[in-house]
Amino acid sequence: MPPTPRGALTPNRSLADLTWLRSGGPADWLFQPADEADLAEFLAALDPAIPVFPMGVGSNLIVRDGGIRGVVIRLGRGFNGIETTGETVTAGAAALDAHVAKKAAEAGLDLTFLRTIPGSVGGAVRMNAGCYGSYVADNLVSVRIVTRQGVVRDIAAAELNLRYRQSDLPEGAVIVSATFRAQAGDPAELEARMVDQIAKRDASQPTKDRSAGSTFRNPVGHSSTGRADDSHELKAWKVIDDAGMRGAIRGGAQMSPKHSNFLINTGGATSADLEDLGEEVRKRVFQQAGITLEWEIMRVGERLP
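Going by our numbering, the sequence shown runs without a break in its numbering and finishes at 305.
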């Protein structure tokens, strides 16, 4: 039995409504801490044998139908503040990437690449999210975490070894905030750039459907900072198309006809439908092109028997 915190601790809590794909089983426990101190005290008192899974807004996630053993931690209102000072922006881990971009732009700071990245700051840092040639690694100064042992620490960005869709956070650590340094820009120009980004995204991606963003990583070379190697032009959507999998269906899951690297829940899809369709795509692409696509969507939890 976990310790009693000030925040909400809910047993056997379904996670389906907390993911963008709207599928998946329950967590043994869902913990929504009141604040940083509540989180630290809870983790310090929690049996070390109980696993912990920090969950953002569920934008890039498949929770398998059998659910997650242990404690899922989801940060809320106490962790979504955004402050600008000089050339820096400090945002709580639960702040939405889009909100951070807009708040920074209002202050004349350029974090516009975050505008079209689905999810929250914690996930963006953990996965070194990027768009339009810019990555979290280009702007991150430091992160504040609570370790699995309940210790609050500030970590310099250099210690995270940020690279393509990866970072080296301590096991079980929960990001509570991040500080970015940004270039100055004219607020009106930054706003116009973000409006253009949104228009381009909506024209090419199934933003009105239940998806989890890009399903697979582009099969290209990458530098240690996360930038794509321009000498390789392969795109995941192209090799999926070439394998004949655009629009492919399994149960309620489909590879979007609008953008074939988007896995969507057309209604009633199980997590098994979604993951199995993704694995079928990987198999077909390998048969067709000899390329092994790597999942960009995180898949967690247990499958049902």
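The hints are simulated quantities; they were obtained by calculation from the structure and are not laboratory data.
Using N, Cα and C, we set each Cβ at its ideal position, and we do this for glycine too.
Careful, some of the hints might be misleading.
Here are the computed distance ranges between Cβ atoms for each label pair [as the list claims (entries may be wrong)]:
{"hint": "1", "residue 1": "86", "residue 2": "290", "range": "32 to 40 Å"}
{"hint": "2", "residue 1": "14", "residue 2": "279", "range": "35 to 43 Å"}
{"hint": "3", "residue 1": "300", "residue 2": "266", "range": "19 to 27 Å"}
{"hint": "4", "residue 1": "286", "residue 2": "6", "range": "25 to 33 Å"}
{"hint": "5", "residue 1": "280", "residue 2": "156", "range": "39 to 47 Å"}
{"hint": "6", "residue 1": "87", "residue 2": "131", "range": "34 to 42 Å"}
{"hint": "7", "residue 1": "200", "residue 2": "28", "range": "18 to 26 Å"}
{"hint": "8", "residue 1": "35", "residue 2": "251", "range": "40 to 48 Å"}
{"hint": "9", "residue 1": "69", "residue 2": "154", "range": "42 to 50 Å"}
{"hint": "10", "residue 1": "99", "residue 2": "303", "range": "16 to 24 Å"}
Here's how the hints hold up against the structure:
1. 86 - 290: 32 to 40 Å: Violated, since residue 86 and residue 290 (Cβ atoms, about 50 Å apart) do not stay within the stated range.
2. 14 - 279: 35 to 43 Å: violated (24 Å)
3. 300 - 266: 19 to 27 Å: Holds - the Cβ-Cβ distance for residue 300 and residue 266, about 22 Å, lies within 19 to 27 Å.
4. 286 - 6: 25 to 33 Å: violated (50 Å)
5. 280 - 156: 39 to 47 Å: holds (42 Å)
6. 87 - 131: 34 to 42 Å: violated (21 Å)
7. 200 - 28: 18 to 26 Å: violated (42 Å)
8. 35 - 251: 40 to 48 Å: Cβ of residue 35 to Cβ of residue 251: about 41 Å, so the range 40 to 48 Å holds.
9. 69 - 154: 42 to 50 Å: violated (31 Å)
10. 99 - 303: 16 to 24 Å: violated (35 Å)
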